[in-house]
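The hints should help you fit chain B onto chain A, whose structure is shown.
So the sequences go chain by chain: A and B. Each residue of the first sequence is one higher than the one before, counting from -7 in our numbering. Each residue of the second sequence is one higher than the one before, counting from 8 in our numbering.
Read the hints as simulated data drawn from the structure, not as lab findings. Heads up, some of the hints might be wrong.
Straight-line Cα separation of at most 20 Å, SDA-like style, residue types lysine to any residue; simulated pairs [to be verified]:
#	chain 1	residue 1	chain 2	residue 2
1	A	336	B	278
2	B	390	A	476
3	A	510	B	354
To give an idea of the chain A side of the interface with chain B (calculated C-beta under 10 Å), a few residues [claimed, not checked]:
#	residue
4	137
5	164
6	302
7	312
8	335
9	336
10	359
11	473
12	497
13	503
Which chain A residues stay away from chain B? Per the calculated CB distances, all over 12 Å, these [as the list claims (entries may be wrong)]:
#	residue
14	207
15	289
16	291
All C-beta atoms, glycine included, are put in the ideal place defined by N, C-alpha and C.
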Amino acid sequence: MAAEMEPPPLGNAGETDFRELEDGEDLFVSTVTTLEYPEPSSPEPASLPAEDISINSNGPKQKDVSFDDDPEDLFAEATEEVSLDSPEREPILSDGPSPAITPVTPTTMLTPRMDLGAADMFERSLDEIEEDNNGDTFDIHIAVSDPEKVGDGMNAYMGYKVTTKTSMTIFNKNETTVRRRFSDFLGLHSKLASKYLHIGYIVPPAPEKSIVGMTKVKVGKEDLSSAEFVEKRRSALERYLMRTVKHPVLLKDPDVIMFLESSELPRAVSTQALSGAGILRMVNKAADAVNKMTIKMNESDAWFEEKHQQFENLDLQLRKLHASVESLVCHRKELSVNTASFAKSAAMLGNSEDHTALSRALSQLAEVEEKIDRLHQDQAYADFYLFSELLGDYVRLITAVKSVFDQRMKTWSKWQDTQLLLQKKRESEAKLQFANKPDKLQQAKDEIKEEIEELEGKVEQGEKDFELISKTIRKEVSRFEKERVKDFKAVIIKYLESLVQTQQQLIKYWEAFLPEAKAIA
Amino acid sequence: VINVDLQTDATLQVDISDALSERDKVKFTVHTKSTLPNFKQNEFSVVRQHEEFIWLHDSFVENEEYAGYIIPPAPPRPDFDASREKLQKLGEGEGSMTKEEFTKMKQELEAEYLAIFKKTVAMHEVFLCRVAAHPVLRKDLNFHVFLEYNQDLSVRGKNKREKMEDFFKNVVKSADGVLVAGVKDVDDFFEHEKTFLLEYHNRVKDASAKSDRMIRSHKSAADDINRIASTLYTLGTQDSTDVCKYWTKLFPLFSKLSKIEARVAADEDLKLADLLKYYLRESQAAKDLLYRRGRALVDYENANKALDKARAKNKDVLQAETSQQVCCQKFEKISESAKQELIDFKTRRVAAFRKNLVELAELELKHAKGNLQLLQSCLGVLKGDT
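Only chain A is shown next, with the shape it has when bound in the complex:
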C-alpha cells in the first residue's frame, strides 16, 4: 500500500523504540487499551519460554491427556525456536503503521511496500495525495471516552469525548479534544461514503443504530444493560474512527480532519432513521438491490470474479462465526450466573453438613465456585469485546467491500449505457444522411454531431472511470486483506491471552482447594 510508511530499516534500530511493541499490542492500534473491561495483563513475552513453541506433535506429553484423535497436528511445524529478539521478528514489528514508533526524519525515502500489480502510473490527484505525506509517518491515536447523557427525555442524547493525539502535520495540534454525538459519527460516514464509495474506496462503516438501546438510555434506565450498551457503543465508535484514519486517503479528507479538530460541527440531521433523508436512503438501497440483480456484467477480469466470490464466501462464514461467538458470550454469561447460584447453594449445604471437616470443605468449594463465576464473567467480556465485536466489524466491512464491487458494476453499466447511446446517435446520424429534408438537414446534422462528440467524450471518460475504479479496488482490496490479517491476528492473540489468564486463575483456585478436600477425615 503506497501510503503505509515504512519505518527506517533496522540499521537505525537505536532510534526507534520497539520495547512497547513487544507487549503484544503492536499492531492493533491500541484501541484496546482504552476499553473499560478488565484487561488481562499480557504475559511478559520475554518470559515465554522458547520451549512452548517446540512442544509439538500431538499435544502435551502427559500420558493421561489423550488428544490422539487429531490426525495431524498443525503445530508440528512450530518446532523452530523463535526468540523474541531475533531478526525474524522484524517483519512483524516493522510491518505497517504503528503509533509507538517515533516519527522519522523526513529525508528518509519512503517506498511503497506492496507490489501493486497495476502499473504505477498515478493519474489522479487522489493518488498523489497518498504519496505525498510531507514525510509524516502514520502516527495517530484516537480515543473515545466519557460518555455523558445530555438533555432529558426522548430528545436526550449521549455525548462522547473524542481525543486525538498525533504528530502528523495535517493536523493543527498535537492533541485535540472535541465532543461529538452519535449522529455526528453517522454524518461523517455519510459524507465519506458519498465522496469515496463510488470511486472504489472501501469506506469503513459506522456503528449501527439501535433504537431499543438508545431508548433505554434516553428514558434514564440506569441498569446494567444500558451501561453495557453505552460501553459497547463507545468502543465501537473508537474502532470506527481508528479504522477510518488508518485509510491513507480518508485520513486526509477535510471532513475527517474537521470532525476530529473542529469544536463545533453542524448537526447531521439527515442521519436520523425516520427523516426524509433516511427514507430516501432506504429507497435508494432498495433500488440498488434491484439494479444489482438486473445488471449482467461481462466480467473480463478473472481477478474480480474470483475476489467477488471469495468475499461472498467470507461473508457467509464470518456471519456464522459471529453468531457462534455471540452464542458463546451468552452461554458464558449464563454459566457465570449459574455458577454463582451453585456457589450459594454449596455454601448452604456446607452450613447444614454436621461433619466438621466436610462442612469446611464444602464452604471452601463454595468460595472457589464464587471466584470462578467472576472468572467466567470476565471471560465473557473478553469473548465479546475482543472476538465478537471484531467479527461484527468485519461483517460490516465486508458489506462495504461488496458495495464497492457493486459500484464498479454500476460504473461499467454507466459506461456501457453511454456507449449504447453513442451508437444510437451514430445510427441516427447515418439515417440523416439519407433524409429528404435539406433545409432542416444541416441544422440537425450539426446538432447530432455535437451530441456525438459529447458522447464520445463521455464514453472515453466512462472507460477511464471504469479502469480507475478497477485499479483502486485492487489496491483497496489488497490493503484490506493485509489489514485484516493484522487486525485479526492482534485481536486473536489478545483473546487467547485472556483465555490463558482464565486457565491460570482456574489452576490457582483448584490447587488451593485440593488440599482442603484431601483434609476431609
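Frame of chain A, contents of chain B only:
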C-alpha cells in the same frame, strides 16, 4: 462409583458386567461371585431389567423386618428419551449440513448416548453393591432370587390401580410425616438427626438442581466453541490466501479446546452432580427410616396409653399388655439398628464426598493445565509467525 469400600467382602460380590440397550429397555447382566452356601454355584450371571430392580427395592421397603434400616435408594429409570430425540432430529436435518458436520455431530450425540448409558449402568450397580454390603439385606431371599433365578421374574410394572395406591400411601405418609416429626424425641441423638436430615435433604436438593444448571451452561459453551472450530475449518479451506492459512492454524486449537470443555462438563457431572443426586436419594431413604421409627414410637406410646386404660377398666388387660410389648419391641429394634444405620450413613457420606471432591479438583486441574498448554503453544506459533 459413588460408594467406597463395598467390594472388600469376598463372600458376596456383585457387579453389572454387561448391558444391552434395546428399543426402549435396557438389559443388565448381573454377575455374582459368592462363597456363600445359599447359592448353587460360586459364580453366575442373570439378565435383569429396570423393573426388576424396582421390585427388589420395593420388597425391602414393604418388609417390616427391615423397618430399622436405611433402604438403599432405587436406581432412577434409564432415560434415553432426550438423547434419542436429538439423534432423530439430527437424522432429519442431515440434508441441511455438510458431511463433515453431520459425521461430527453424530459422533458427539453417540458419545452422549454412551455416557448416559454408562451412568445408568453405574447407578444400577451401586444399588446392588449397597445391598450386598449390608449385613442384613444381603441375606434377603428376594435378593438371592434376583441374583440367581435365571428366568424372567415376571414382575410386571405396577398397574394403574397399584400406582394410585402408592400415590395415596405417599400422601398419607407425608401428612403423617409432619405429624410424627412434630413429636419431640426423648433421645437426643435422634432428635438431632431429625433436624439435621430435614435441612440437609432440602439443601442437597437445591445444590443438585443448581449444579445441573451450571453444568448444562458449561456444555452449551463447549458446543459453541465446537461450532466456532467448525467454521474456522471451513474458513481455512476456502482458499489459499494468507488469511486462510491463519484460520487453519486456529481450527485445531478451538477444536481441542471444545473437547476439553466438554470433558470438564462431563467430569463435573460425574463427580459433583451425580454425587449430589445420589445423596439426595440416600438422605430421603434416611428420612424414611426416621419416619418409620417415629411411627413406631407413636404406636408404642399409643399402646402404652391403651394399656393404662385397660388396666384402669380391668378389661382386655392381657391383650393390651401383649400389644404394648410388641410395639415396644418393634420400636426398640428399629431404634437400635437405626442408630447404627445413621452413623454408617454419615461415614459413607463423608467418604464419598471426600473421594469425589478430590477427584473433581484433580480433574479440573488436569483440564485447566491441558487448556493452558494448548493456548500457550498456539500463542507461541502465532506470535513467532510472520
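Hint by hint, here is what the structure shows:
1. With a C-alpha separation of about 19 Å, the suggested pairing of residue 336(A) with residue 278(B) holds against the 20 Å cut-off.
2. For the proposed pair residue 390(B) and residue 476(A), the alpha carbon gap of about 16 Å is at most 20 Å, so the pair holds.
3. Restraint check for residue 510(A) and residue 354(B): satisfied, since their Cα atoms lie roughly 15 Å apart, inside the 20 Å limit.
4. Hint status for residue 137(A) relative to chain B: violated, with the closest Cβ pair at about 29 Å, above 10 Å.
5. Given the 10 Å rule on beta carbons, the hint for residue 164(A) is violated: about 38 Å separates it from the nearest Cβ of chain B.
6. Taken as an interface hint, residue 302(A) checks out: its beta carbon lies about 6 Å from the nearest beta carbon of chain B, inside 10 Å.
7. Taken as an interface hint, residue 312(A) checks out: its beta carbon lies about 5 Å from the nearest beta carbon of chain B, inside 10 Å.
8. For the restraint placing residue 335(A) at the interface with chain B, the shortest Cβ-Cβ distance is roughly 9 Å, inside the 10 Å limit, so the hint holds.
9. Hint on residue 336(A) holds. Least Cβ distance to chain B is approximately 8 Å, under the 10 Å limit.
10. Interface hint at residue 359(A): violated, since its Cβ lies 13 Å from the closest Cβ of chain B, which is beyond the 10 Å cut-off.
11. The restraint placing residue 473(A) at the interface with chain B holds, with a minimum CB-CB distance near 6 Å, inside the 10 Å limit.
12. At a threshold of 10 Å, the smallest CB-CB gap from residue 497(A) to chain B is about 9 Å, leaving the interface hint in force.
13. Here the hint on residue 503(A) is kept, as its CB sits about 6 Å from the closest CB of chain B, short of 10 Å.
14. Every C-beta of chain B lies more than 12 Å from that of residue 207(A), the closest at about 30 Å, which supports listing it as non-interface.
15. Against the 12 Å criterion, residue 289(A) stays outside the reach of chain B, whose nearest CB is about 22 Å from its own CB.
16. The Cβ of residue 291(A) lies farther than 12 Å from every Cβ of chain B, with a closest approach of about 18 Å, so its non-interface assignment holds.
Against the hints set out earlier in the document, violations occur for numbers 4, 5, 10.
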